[in-house]
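Residue strings, one per chain:
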Amino acid sequence: MKITQKDVEHVALLSRLKLSEDDKDKYTQSLNAILEYMEILNRVDTSGIEPTAHVLPLKNVFREDEVKETLEKELVLSNAPDEENGCFRVPRII
Amino acid sequence: MSLTGLTAHELSELLRKREISSTELTERHLDLINALEGKINAFVTVTGEDALKQAREIDERRARGEELPPLAGIPAALKDNMCTKGVKTTCSSNILYNFIPPYDATVTEKLSAAGAVIMGKCNMDEFAMGSSTENSGFAPTRNPHDLRAVPGGSSGGSAASVAAGEVVFSLGSDTGGSIRQPASFCGVIGLKPTYGYVSRYGLIAFASSLDQIGPFTRDMTDCALVMNAIFGHDPKDSTSAPVEVPDFTGFLKDDVKGLKIGIPKEYMQSGIDPQVAVAVKKAIEKLEELGAFCEEVSLPHTEYALPAYYIIAPAEASSNLARYDGVRYGLRVEADDTISMFNETRSRGFGEEVKRRIMLGTYALSSGYYDAYYLKALKIRTLVKQDFDEAFKKFDCLLTPTSPTSAFDFGEKADDPLSMYMSDICTIPVNLAGIPALSLPFDTVNGRPVGLQLIGKAFDEGTLLRVAYTLEQNTDLTRPKPDLEGALQNGKQS
Chain A
1 MKITQKDVEH
11 VALLSRLKLS
21 EDDKDKYTQS
31 LNAILEYMEI
41 LNRVDTSGIE
51 PTAHVLPLKN
61 VFREDEVKET
71 LEKELVLSNA
81 PDEENGCFRV
91 PRII
Chain B
1001 MSLTGLTAHE
1011 LSELLRKREI
1021 SSTELTERHL
1031 DLINALEGKI
1041 NAFVTVTGED
1051 ALKQAREIDE
1061 RRARGEELPP
1071 LAGIPAALKD
1081 NMCTKGVKTT
1091 CSSNILYNFI
1101 PPYDATVTEK
1111 LSAAGAVIMG
1121 KCNMDEFAMG
1131 SSTENSGFAP
1141 TRNPHDLRAV
1151 PGGSSGGSAA
1161 SVAAGEVVFS
1171 LGSDTGGSIR
1181 QPASFCGVIG
1191 LKPTYGYVSR
1201 YGLIAFASSL
1211 DQIGPFTRDM
1221 TDCALVMNAI
1231 FGHDPKDSTS
1241 APVEVPDFTG
1251 FLKDDVKGLK
1261 IGIPKEYMQS
1271 GIDPQVAVAV
1281 KKAIEKLEEL
1291 GAFCEEVSLP
1301 HTEYALPAYY
1311 IIAPAEASSN
1321 LARYDGVRYG
1331 LRVEADDTIS
1341 MFNETRSRGF
1351 GEEVKRRIML
1361 GTYALSSGYY
1371 DAYYLKALKI
1381 RTLVKQDFDE
1391 AFKKFDCLLT
1401 PTSPTSAFDF
1411 GEKADDPLSM
1421 YMSDICTIPV
1431 NLAGIPALSL
1441 PFDTVNGRPV
1451 GLQLIGKAFD
1461 EGTLLRVAYT
1471 LEQNTDLTRP
1481 KPDLEGALQN
1491 GKQS
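Top to bottom, those sequences are chains A and B.
FYI, in the numbering used here the residues of the first sequence are 1 to 94.
FYI, in the numbering used here the residues of the second sequence are 1001 to 1494.
Same shape as in the complex, but just chain B:
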């Protein structure tokens, strides 16, 4: 029996019945990581020995007759911007190439408490700035569905590791689409929670008012299980929402009868690949056939969300990234005086896109430009949020494409920052409004997966789970499987 490619809930059942052990499961996944990493490069660091130790502990606890939570013994991975005590955490940046956190992020602690086996740290665009992992300070990740294509970003490694079967689930972070867009490109499920639902403690900050951590999984049941493990208020994060967390598996109902789903017309217009639009229309027909009521809606400020985001996010980043100065951790380039040391360290340590965003943000916040750029963008943010508030007076959730296209080729957008930014045009408004959204695979275009984005009201992840679960139960289009034979053959030769 092949143990890779199954879901957490399927494997959990096999573990519970003692048909397999977590040690065996972990070994099979490490074998696959060894065979594939030469081609996929989803990981910055693989923690094989630690993983086997965790797996043996879970097996021992199970042998003693302990009742274990559903993710116990399941191989998982974290994006390399989540702190892991004693394990290198780099943000895929040369400025943090040697950083070993002295503490665990809250999500790391929560996954450990749930018994998940952490296999390693996933590659990303440097400091989560990018949409293809081509901005990784080390090397890009490849898309398991087509090695010529990018996996999306910034959480490209997290998405690719799940799509390739190297781990069963992973965590990513989403500031403007960095979970949903790579989930769409790699044919897996990715959820960005409501802002404040998951603790950001120990998540290395990019834009603090937008960043959220969320799961990548192969099916909706796994998505709900991971949400149960990582959601919840955390006193260590002052922006954590003081709300109760439901059992998310309770929302997995095969029923959308009577649900009102809005289709924002602005998301179906400019720049959407006609074949992606066809996939979205197919999903709308399916939902109507299953009893949902779908209708067009207008979110008039949509086109202003992207430029507003590229003021707000870089402004916050320019402040957050001021801490990388070569004094307390990470790279230091020696110089005669302290200011020169700062300049040399930051110039050598940061990559091209990170420097661009630091400068863009610094400019937008600088004297004389603050009102014209930063304050203006914050007001646009209010209007974008009000558009959603209006739409949710009538609709239970909204349906859009996750990204205007399926995965693009390496190099296609790498030299044109603006065209790369456009890849997140459908996901960015959601972060500005702080509301939840998930990407569900739905069909493929020339072998490359397409993602549907479902957007919900704040703290109403439940409706998104229900709609996505219903689609999953009623079509076979939500689980595209990559053909990895070629990569495995090549991997063996090299």
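So that you can see chain A by itself, here it is in the shape it has in the complex:
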């Protein structure tokens, strides 16, 4: 076993997902099968190999700090599940 049901519960918590007992069982099985398959990566010696996070040789793309048109506030807020006075409204946090 690469990953236990307890690990799955922890990962679900980090992912902000609520899982049913059935789900926990199902995901423990399928994630184990996938992680076991990934074991073959350990056959490759990667010492001294640089990681590639991104293929283009681009770094820090800058632009002038100019005032430009922004999105229309009403259109943006029209997608909000709940809004008040031009702000997104959420349940109490504290």
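Just so you know, these hints were derived from the structure itself, not from any lab.
Incorrect hints may appear among the rest.
[To be verified] Here are some chain B residues pointing at chain A (derived, C-beta under 8 Å): (1) Gly1196; (2) Lys1260; (3) Pro1307; (4) Tyr1329; (5) Phe1342; (6) Arg1346; (7) Leu1360; (8) Ile1380; (9) Gly1486.
All of these numbers come straight from a predicted model, not from anything done at the bench.
Ideal placement from N, C-alpha and C gives every residue a C-beta, glycine not left out.
Once you have looked at the hints, place chain B on chain A.
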């Protein structure tokens, strides 16, 4: 004259000569969409009224004597992960079921500027995670060549809409094969550009270092025309490559004499359907007969690309999909406190595969596992890229099958994530390396199309166009036509 099933360049000529109008063309395509959608389900949203309005505007401009670009007045469709201002954009997910973007993606703007008539938004695997559209949060799309078969995915709706004749061309997105594999299954052309060649601004992100937008078309000339319309640097996408874009139609030459084409042996080995291998060999013989030089080559890290991809892509996705929290847009499931609202919203809104990948990615990035999984995968990515760099020292392009099999049946792989992932084994290495590749239909197996994959050097789409165009001009195997009579009859009854 039947107006559906023709190519954009053929229709463009008819429009230019005023033998047909764009309004008429759009109406015929909407009729076909109405007749077929009950069976194919390529669309999440059909925007008929907007399309007719765009078509009338194009007709008016033409009547005033304006010289219009080649895609003007041509019916097209977008995958439902590309933002369209004022038109619902769902990613085929319940978490975005009601999202109406306040802006257009750059590709949407570019197609509008080219005068294309947008007929609607195409169905997909939820958040582009899948290889069959069975993961759509709404309903799957069917393959126009055989309604029992999946259209492939994740851009299954985009591929099926072109194969069925509902639109003339469409756009999809490709993170690990999501343009090429459905193009292969549906018997149309699909191209994944070099990473950075097409702007990702307004493309709802899956894995940002791998995602690229590209076209589905019926022939290579149309492919080049759509590339001309959508390629190019965009200051709104910081990963957009600052390079000049050539006129891609200039590469459509019926000549492969002297070209060196590598055949990666690892792609012709395990798990390839023998009949698919036969089709690829037939293509190799044809290319040699036409003067190309084909030789076996080895890409030794091929088998490690798939597991590396299934660490990198979910890791990026777990971060990108953190934004769906029920606060600013999309679904919200109410709860007493904010954290419970996040949990309830995400659990209800995301489907099974999306949750699996979010958890897989979160696990690979979590404390204690980062080096073993994520960093290891990034190093494998370097090795996969180096394999291609080595091969391109000797070869102008590479030829492989697009997918190990032709289209499979519904349900065949739906319960086994790993076997579904294997469907992209030939396409995934290309995304890791950021290089271009296209899928060209070549023959059929039991009525289901087979696709050839041509892989090129970064920013050398031109060679791929040249080889595919030459094959297209010299065989009749590159345009498989679906028999839709049955679907149309059934569609009328239901």
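Verification of the supplied hints:
no. : hint    : verdict
1   : Gly1196 : 5 Å, holds
2   : Lys1260 : 24 Å, violated
3   : Pro1307 : 4 Å, holds
4   : Tyr1329 : 4 Å, holds
5   : Phe1342 : 5 Å, holds
6   : Arg1346 : 5 Å, holds
7   : Leu1360 : 6 Å, holds
8   : Ile1380 : 6 Å, holds
9   : Gly1486 : 36 Å, violated
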